[in-house]
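Number of protein chains: 2
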Amino acid sequence: MSNLIAYINNQQWQELQQWCAEHDVLEIVDELYRLNSAELAIAFRMLPKDLALEVFESMDPTLQSSLISSLRDVQIRDLIEELDPDDRVRLIDELPAKLAKEVLEGLSPHERKLTSILLGYPEESVGRAMSPEFVALKQTMTAPEALDKVRRLGRAAENIYMLPVTNESLVLLGVISLRELVLAKADTVIGDIMTTDVYFTRVDEDQEKAARLVQEADLIALPVVDMENRLVGILTFDDAMEILEHEHTEDIALGGASKPLEMPYLSASVSYIARSRALWLLVLILAATLSINVLNYFEESLEAVVTLALFIPLLIDTGGNVGSQSSTLIVRAMAVNEVRISDFLKVIFRETQVGLLLGAMLAVIALLPISMIFDPRIAMVLSLSLVTICLIAAITGAALPMVANRVGIDPAVVSAPIITTLVDATGLVIYFLIANAILGI
Amino acid sequence: MSNLIAYINNQQWQELQQWCAEHDVLEIVDELYRLNSAELAIAFRMLPKDLALEVFESMDPTLQSSLISSLRDVQIRDLIEELDPDDRVRLIDELPAKLAKEVLEGLSPHERKLTSILLGYPEESVGRAMSPEFVALKQTMTAPEALDKVRRLGRAAENIYMLPVTNESLVLLGVISLRELVLAKADTVIGDIMTTDVYFTRVDEDQEKAARLVQEADLIALPVVDMENRLVGILTFDDAMEILEHEHTEDIALGGASKPLEMPYLSASVSYIARSRALWLLVLILAATLSINVLNYFEESLEAVVTLALFIPLLIDTGGNVGSQSSTLIVRAMAVNEVRISDFLKVIFRETQVGLLLGAMLAVIALLPISMIFDPRIAMVLSLSLVTICLIAAITGAALPMVANRVGIDPAVVSAPIITTLVDATGLVIYFLIANAILGI
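Residue numbers (the numbering used here), protein chains in the order written: chain A, 336 to 776; chain B, 336 to 776.
If several chains are the same, the list does not tell them apart, and a pair holds so long as it fits within one copy or across any two.
Within a straight-line C-alpha distance of at most 27 Å, the following computed BS3-like cross-link-like pairs (lysine-lysine) qualify:
no. : residue 1 : residue 2
1   : Lys473    : Lys520
2   : Lys484    : Lys520
3   : Lys594    : Lys681
4   : Lys436    : Lys384
5   : Lys436    : Lys448
6   : Lys448    : Lys484
I should point out that these hints are in silico values taken from the structure, not numbers from a laboratory.
Let's have the full structure, built from the sequences with the hints guiding it.
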């Protein structure tokens, strides 16, 4: 058991504060992520005020929200006032509507205005994640004038390493990095040294796409503009990293057939974990009843040759594995934009070849040992089924995520588990058709 | 077909150069990732020299390496000379030994020295990924003196936003951000405004751990020190993002039962893709023969009640799904350090409850419809098996990755596919034991 929990259970407040003093913020947050919500509320109350702010900033919005629900008081109001506007929006999204309203009303007018603007943008859009506090320069400024403006206004901005250059109507003209500005000679004019061929994004663009651009182009911040190309904010690299991490957690959970947990594993209650997994299990078990129908249809063949049943798990596992391989490769390749929907036929052609190659390999390997133990005709049935199932699994595994993407469904949703279940039923039909033909039943 | 391929196939070089002039580097790299290696070499030759450097820098080391192997000439030597030392090391890691030696020898003495130092660190260590070019300050400097040093030496450094402060022996004393330096008053001394309670990492630390620290603490760069706490480099946020992306791709591929592809999907040959997937399939099909043995052992029961065979796919799919859910949740929770090995018993206790809850839910749902269509005793067998299989699957799915981690195996390796296969055989044993008991066969 970690020390923190022991201190709380034994009400050793001095030891708790001592422990916090000896560890850095990330270590403290790590420990807090291992507490349940009641323990968390107590531990948080015991933090010194300055530390509480740092810790609060580092926490996930879901945990911040659970804290606020249990500790409604002035201290919390101060904490929320100190958050960056984009972090505050993420927190408010997590809060129950009534509490969200209270929180907004408790803000100072300036911070409330900044927050309300961000809340006006659609969910999952860059507008919700960007920082509206930036320092914009004019092209006519000299380097020292610009540096002077940065010095005057820089304290409030979230990031001053990427400095956008705009005209009087705030239309984005270019950017200059603080690095270039610092390294520039005194008589240089911003318009002469700014980069005009810049990456930027629209405020209603998808967060993940914008974050991926930040990552691929190694940007420290990405300018965000509205429909008239007026600068409305910047997406900083740390917010981009957080968005990508969140997407990864989501994709991984979906690949493992569950809804992503919105909080750390140990902080989540058992019933919450079970609920986040139940829906997918139900969908999948419903889909699996297809295989009952297939086997029921072929029950006579099964009665005639019970040995056929022995290979059912191996066949459906292999089909599932080949399908999972294809779908994970394609889902990932689409996520990083290496494969697009227009490549559909090319991908299917490749997966056809890969499926046939893999199936043939497995068929050849299975043929001899199975012939020696069972009827050689059964070995023949098995080998032919392996080739066909691998072929179908590879094609289905690649095609389904692409089709899903085309019709606007997250490809990760139709990944491994769904494909496994679908390939099962098809694989069994093929197996029994081949068996009936070769064994003459 | 993309324009680029068409231009290459039709030898329309002017159109190709025109196209490149109209698109930015990331778009060009995106297109190059869709070419096979011969097309890539031709397309690359046609790029104007400046653009070629930018494109080369943005490419994966594997693709850089395939390019170098096909184009050994002076142009390539210049490209390698221009790379950052850490990017160059990643490229050299990918090259065949003989070519790597040639590349190293072709470098200027200064760049060769920087590269050799990085190459001395173990693979996967921070040392390989860090940048050895940084600007270090002294605590006695005033803010203007420090800014002056940054101006003098900043051009060569990869990142000047995080400025380490060291003593004469280069021992790390603290850091100061360029932001703080720019915003500081003129008479401020660095020692007074630097942060002394800083995050840093040892040069032999695992890359992924260091990258995760950069991400969690929102750092722009992380100081890297040797055993004597002397500063040897910095790990910048963009390199950290790249390391994390690479890990994600690897984890996702392993979760889908294949080795990660080391190059973009469309650039990889069909036989390369098949080979990267074959080994895992073989391991899994070998493991799946366990289920043949189990079913063979219970063949008499199967002959007595063929109906039992109908539910085999549903049972093993469900076991596989519950096991995948647990393993993906735990693998992810361990990756982001929300769960540690010391939590083993706590995790198992939680998964026991989750497995029972999920199993009970599925059992209740299955009971009525199955009783109506088949013998109610069969429905009973199925329901009891569902509860037990979900329980075992949840525990195995959570335990195995933790055990793997404990003995030094990447937990992602024992994720969904392996667990599915293992749970299959156990699940079948349970199913037939319950069936024998209830049906009295």
